[in-house]
Amino acid sequence: MEKLVILNDNDTLQEFPLEQKRVELGRDPTSDLCLSDQSVSRHHASLVRIYTEYYLEDHRSTNGTRLNGQDIKKHMLKNGDVIEIGKYRLKFKKQQEKSDENDLDRTVVIHPSVPQRVSRAKPANNPLTSKPGLAFIHYLAGPEKGQEAKLNRAFFTIGETGGDLALITKRHQGYYLLKLGGHTIPSVNGKSVRAGGVELTHGDQIVFGERQLEFLTGS
Numbered sequence: 569m570e571k572l573v574i575l576n577d578n579d580t581l582q583e584f585p586l587e588q589k590r591v592e593l594g595r596d597p598t599s600d601l602c603l604s605d606q607s608v609s610r611h612h613a614s615l616v617r618i619y620t621e622y623y624l625e626d627h628r629s630t631n632g633t634r635l636n637g638q639d640i641k642k643h644m645l646k647n648g649d650v651i652e653i654g655k656y657r658l659k660f661k662k663q664q665e666k667s668d669e670n671d672l673d674r675t676v677v678i679h680p681s682v683p684q685r686v687s688r689a690k691p692a693n694n695p696l697t698s699k700p701g702l703a704f705i706h707y708l709a710g711p712e713k714g715q716e717a718k719l720n721r722a723f724f725t726i727g728e729t730g731g732d733l734a735l736i737t738k739r740h741q742g743y744y745l746l747k748l749g750g751h752t753i754p755s756v757n758g759k760s761v762r763a764g765g766v767e768l769t770h771g772d773q774i775v776f777g778e779r780q781l782e783f784l785t786g787s
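Numbering of the sequence shown is given in the working numbering, commencing with residue 569 and proceeding in unit increments.
It should be emphasised that the hints constitute simulated quantities derived from the structure, not laboratory data. Ideal Cβ placement from N, Cα and C applies to all residues, glycine included. Heads up, a few of these hints could be off.
Unchecked claim - Cut-off 25 Å, straight-line C-alpha distance, at most; resulting in silico cross-link-like pairs (DSS-like, lysine-lysine):
no.	residue 1	residue 2
1	K718	K571
2	K655	K641
3	K661	K642
As the list claims (entries may be wrong) - Here are the in silico distance ranges between beta carbons for each label pair:
no.	residue 1	residue 2	range
4	C602	L784	33 to 43 Å
5	S760	A717	22 to 32 Å
6	R634	A717	22 to 32 Å
7	T598	N631	19 to 29 Å
8	A709	K655	37 to 47 Å
9	D600	S760	20 to 30 Å
10	C602	H770	40 to 50 Å
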């Protein structure tokens with residue numbers, strides 16, 4: 569199991585096991601991990617599990633979030649990474665497990681995360697190993713109506729941090745839509761998205777609360 573280790577001059581002060589897919593970090597007492605110092609914003613950052621990986625996301629905090637000495641907005645975590653939030657230093661520790669990469673490709677699991685891609689020669693015309701092409705979304709309704717966004721990152725969020733939140737993640741064989749938080753359930757072509765997510769295809773119509781989007785592929 570992954571965990572955060574709170575450090576003091578490289579000595580362990582406290583360990584916090586990561587038992588849920590989303591962990592809120594901040595000064596607010598309702599935070600999953602409350603860091604009670606004025607250098608920390610009330611809702612400072614969060615950790616989000618996507619398939620087998622955790623991602624660190626800064627929530628426009630006053631003093632920023634640093635990972636291994638670098639300011640970040642969103643970044644995937646690896647074993648041994650050191651997170652700096654205000655005066656706090658947190659080490660991310662991940663239990664190393666052997667897994668079959670093909671099993672990850674065949675199954676969309678309930679607790680989402682993005683596995684790291686292993687570079688290797690691939691046979692032609694194999695849908696399980698071919699890379700998905702360029703994709704983007706077009707907002708048809710909602711606050712971002714008329715805007716387009718390229719899906720050129722490992723994951724793309726839809727909605728509001730701390731509220732209703734969905735995510736489009738890029739895997740080896742395609743793009744998947746997942747529900748992350750809140751009470752609103754996204755739908756694709758009129759069908760609610762199940763717990764493990766749904767693969768998107770060109771022209772799919774996504775409805776998420778007041779937002780309506782179209783998923784498109786190609787140049």
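Cross-check of the supplied hints:
1. A distance of roughly 33 Å separates the Cα atoms of K718 and K571; the hinted pair therefore is violated under the 25 Å criterion.
2. Of the pairs offered as hints, the one joining K655 and K641 holds, with about 18 Å between alpha carbons and a cut-off of 25 Å not exceeded.
3. Of the supplied pair hints, the one linking K661 and K642 holds, its CA atoms being roughly 18 Å apart against a limit of 25 Å.
4. Between C602 and L784 the beta carbons are some 42 Å apart, a value that agrees with the proposed interval 33 to 43 Å.
5. Range check, S760 to A717: Cβ separation about 23 Å, and the 22 to 32 Å hint holds.
6. At about 27 Å, the CB distance of R634 to A717 agrees with the hint of 22 to 32 Å.
7. The given range of 19 to 29 Å is respected by T598 and N631, whose C-beta atoms sit roughly 20 Å from each other.
8. The beta-carbon spacing between A709 and K655, approximately 44 Å, falls within the hinted interval of 37 to 47 Å.
9. Between D600 and S760 the beta carbon distance is about 27 Å. The supplied range of 20 to 30 Å therefore holds.
10. Remark: the range hint 40 to 50 Å for C602 to H770 is upheld by a beta-carbon distance near 44 Å.
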